[in-house]
Amino acid sequence: MLCSRFIVLLGYTATSPSSLKAEHQHMLEPLMYLLLCLSLLHPLGKYNDVLSIGDKAPAWEALLGTDGKKHTMDEWKAKPYLVVVFTCNSCPCSRDYEDRIKAFAEKHKSTLAVVAINSNLIKDDSMDAMKKRAEDRGYNFAYLQDETQKVAKSYGATYTPEFFLLNSSRKIIYMGAMDDKDNPDKVTVRFLEEALAADKTGKTPAKAETLARGCMIRYKKR
Numbered sequence: 002m003l004c005s006r007f008i009v010l011l012g013y014t015a016t017s018p019s020s021l022k023a024e025h026q027h028m029l030e031p032l033m034y035l036l037l038c039l040s041l042l043h044p045l046g047k048y049n050d051v052l053s054i055g056d057k058a059p060a061w062e063a064l065l066g067t068d069g070k071k072h073t074m075d076e077w078k079a080k081p082y083l084v085v086v087f088t089c090n091s092c093p094c095s096r097d098y099e100d101r102i103k104a105f106a107e108k109h110k111s112t113l114a115v116v117a118i119n120s121n122l123i124k125d126d127s128m129d130a131m132k133k134r135a136e137d138r139g140y141n142f143a144y145l146q147d148e149t150q151k152v153a154k155s156y157g158a159t160y161t162p163e164f165f166l167l168n169s170s171r172k173i174i175y176m177g178a179m180d181d182k183d184n185p186d187k188v189t190v191r192f193l194e195e196a197l198a199a200d201k202t203g204k205t206p207a208k209a210e211t212l213a214r215g216c217m218i219r220y221k222k223r
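Numbering (the numbering used here), first residue to last: 2 to 223.
A hint or two may mislead.
PhoX-like cross-link-like pairs, simulated, lysine-lysine; straight-line CA separation at most 25 angstroms [to be verified]:
hint, residue 1, residue 2
1, K47, K71
2, K78, K204
3, K201, K222
4, K108, K182
Using C-beta positions, here's what the derived DEER-type ranges look like [unchecked claim]:
hint, residue 1, residue 2, range
5, S127, E107, 25 to 31 angstroms
6, S155, P81, 19 to 25 angstroms
7, M128, G55, 32 to 38 angstroms
8, R138, K182, 33 to 39 angstroms
Because the hints were derived from the structure by calculation, they are not lab data. The model shown is predicted, which means the values in this text are computed figures rather than measured ones. By construction, the Cβ of each residue, glycine as well, lies at the ideal position given by its N, Cα and C atoms.
Just need the whole structure built from these sequences, with the hints factored in.
What follows is the structure, given as structure tokens:
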């Protein structure tokens with residue numbers, strides 16, 4: 002409420018400073034200081050314009066999956082960890098990561114769930130295409146459609162694939178790329194794997210945020 006009022010007043014000042022009421026003028030300086038303090042206490046991610054490490058991950062409701070059912074984040078609340086990956090059919094980089102995602106999901110199936118979300122709206126990323134891809138490639142994780150693109154936006158997701166590792170409180174402990182190389186034979190650092198291992202031992206991941214690589218999410222133009 003306070004920040005919203007500050008933004009309104011600041012915008013009013015910039016467009017018509019002489020018309021700002023005297024009773025509001027004395028509020029600007031302390032409000033600017035307050036907003037600065039809040040930004041320092043809660044900085045955004047290095048590569049993410051919406052979220053930072055430690056934030057509560059945005060929940061979603063009723064996303065249609067390739068199994069024909071609608072799913073909420075709460076369905077996986079029994080799992081100590083949850084990996085949300087924004088991916089798609091049409092991106093070559095996303096396709097290159099399919100086997101790695103499957104292997105990761107299988108390796109850690111006792112402690113985590115992997116949920117893949119497709120926010121693209123082109124024909125190659127339609128639900129019919131998603132169903133075919135999931136069946137042909139034998140996905141062992143949920144594959145959901147973000148038809149409104151609201152979920153991807155709420156996570157500040159930019160690329161496919163882009164990974165978010167959530168703990169039992171569903172706070173973000175890692176976000177970014179799965180590893181350091183698109184070619185699986187050249188991978189030297191497994192960011193997602195190492196972040197999970199660190200958190201399991203009560204440590205902070207050495208790399209809690211990295212720059213995701215791949216294709217840009219095809220957001221609708223306003």
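To see whether the hints hold, each was checked on the structure:
For the hint linking K47 to K71, the alpha-carbon distance of about 33 angstroms lies beyond 25 angstroms, and the restraint is violated. Between K78 and K204, the direct Cα distance comes to roughly 22 angstroms. Compliance with the 25 angstroms bound is thereby established for this hinted pair. Restraint check for K201 and K222: the C-alpha separation of about 41 angstroms exceeds 25 angstroms, so the hint is violated. This hinted pair checks out: K108 and K182 have alpha carbons roughly 20 angstroms apart, not beyond 25 angstroms.
One distance hint, 25 to 31 angstroms for the beta-carbon pair S127 and E107, holds here, with the actual separation near 27 angstroms. Between S155 and P81 the C-beta distance comes to about 23 angstroms, which sits within the given range of 19 to 25 angstroms. Checking the proposed 32 to 38 angstroms range against M128 and G55 shows it holds: the Cβ atoms sit about 34 angstroms from each other. Our hint of 33 to 39 angstroms for R138 and K182 is violated, since their Cβ atoms are close to 21 angstroms apart.
Figure legend: structure checked against the earlier numbered hints; hints not met, in rising order: 1, 3, 8.
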